[in-house]
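**Student:** Construct the complete structure from the given sequences, taking the supplied hints into account.
Going by the numbering used here, the first residue of the sequence shown is number 1, and it counts up by one from there.
Keep in mind that the hints are not guaranteed to be accurate.
[Unchecked claim] Derived DEER-like restraints, expressed as beta-carbon distance ranges:
| hint | residue 1 | residue 2 | range |
| --- | --- | --- | --- |
| 1 | S312 | V522 | 34 to 42 Å |
| 2 | L175 | A97 | 22 to 30 Å |
| 3 | N113 | W239 | 22 to 30 Å |
| 4 | N267 | D173 | 49 to 57 Å |
| 5 | S430 | E458 | 17 to 25 Å |
| 6 | P470 | V257 | 45 to 53 Å |
| 7 | I519 | F170 | 38 to 46 Å |
| 8 | N267 | Q441 | 51 to 59 Å |
| 9 | T488 | I256 | 56 to 64 Å |
Simulated from the structure, these hints should not be mistaken for lab results. For clarity, every value in this text was computed on a predicted model and none was experimentally measured. Note that the Cβ used here is the ideal one computed from N, Cα and C, for glycine as well.
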Amino acid sequence: MSESRAESFSGEWQGPGLTPRQVRVTLIGIAFALFLASLDQTIVATAIPRIVADLDGFDRFTWISTSYIVASTSVVLITGAVSDVYGRKWLFVGGIAIFLVGSALAAISPTMNALIAFRAVQGLGGGMIMALTFVTIADLYSPAERGKYMGLIAAIFGVSSVLGPTLGGFITDQLSWQWIFIVNIPLGIPIIVLFVRMFPDAKRTGPARKIDWVGAALIVLAIVPVLLGLSWGGNQFEWSSPQVISALVIGGVMAIVFVLYESRIPNPILPLAVFRNRIVGIGLLVSFLTGLAMFGAIFFVPLFFQGVLGASPTASGSFLTPMMLGIVFGAASSGQILSRTGGHYRIQGVLGLSVMTVRLFGLSRVSGDTTHGYALTSAVIMGFGLGTSFPIYTTAIQNSVPQQFLGVATSASQFFRSVGGSIGLALFGSYLVRQFKSEMQANLPDEAFDAVPPLLLERITENPNALLRPEASESLMSAFAASGESGTELGLKVLDSIRDSLANAIGDIFFLAFIFVLISVVAAAFIREIPLKGRSGVPGKPAPEPGPASTPADD
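**Tutor:** Listed below in structure tokens is the structure:
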């Protein structure tokens, strides 16, 4: 079907079948549920030292976050697809309940392995919450209103990212690390009660549609190995290790099997025809590329402030707050503009992404002489440009598919952004290690090779710890001071070399992110605008089975 037939989905939006008060209360419940789920992605960071001290397992502590991310990402697509068949309400309630059970179990974890497993349970619930949040917003509000609420939800996600580390540190210091999980329970139970009482429980009309459980299993078997491989690469294992290669190969093979299987059954869990819609395809590409750049930028901005500009760990983390507030303001204002202008999302998206592109290019020019003000201003403006994209492409994707595919199309947008982020972290992290070592070998003063033992020199060229840990810096200076009369001066030169090498490597990462976002700008320029339209339905109730016109628009 041609893309122009997407406009055949337009119609008078009948509303969610709720009173204005019920809609507002439901929105509040959704917002609080999302806040809890997204907060748990970052609140653990500042508690990790205490957790490691209590449970040991230093070699596995990164899995406290990785298990949550892998579990939540793997369930997003399945949740969206299942909600299109069975509705949103009880999946939403179930997601919150699973999240709370995981929180309770995590709080009483006796070992590091148990905590990692229970964080995965939390991730399953959190992924369901996130998948259903954006879909339910589409159920509650007409497309003409939806942009501002999508922006609001994206802003909540940004606020939780800002508050997470600070709140986690406060709770850990005042109570214990267990309370960062316990606190979810008294906050989450009222949300479940609210959903049970207020969220509509409409039953599906029309012929029953079976769930493609084989397809659901194949999705998991494709996603999990890929995410594990990306998490392992450059961290637990070398990229060329059998573990990483086999995980990526298994994931790739299962993805091919999934596509072949889905293309041959009548009711696939992920209708591949949806992705032939050019608006959906471009929207998912932009989501993937901005997710890739976003996670890379957020991860390396504090490293630049701490390692290159000499900020303390606390201060370097606080410099991230203005950037996140830029994301929040960009998302909220972009959603408002989208709703008020009637959906000119092509030009709005191009402008927002262009702002991000320009500032990423500016950050790619950073050096050891860059000022705090320049770096901070660039990060804030970059965050604003990034934030503008959040409501735009989710709304555009939702507006281009019929109601019965709303859940899977919306969750696909979140999924592609998350996978982009995982790939971005793996790609940029691996590049940083290699490029820093290369820069150090080029910048290290020649006399340093004769001043200190080769083993110390090897450590210096492989990581920038001397800039990040005071004791490492003192050890380096002591070693060079002991080498002779000019040893102290030589040690300072080596520190400058480390600083310049780290700045150059991080600048290269920002340049790579600039390239990826520039590609997204070009792609966004070709997205087709169709008027923001309405569709019938209530939250929790998929639309009736479509007639011939109600299939995903293709190109």
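**Student:** Which numbered hints are broken by the structure, listed smallest first?
**Tutor:** none
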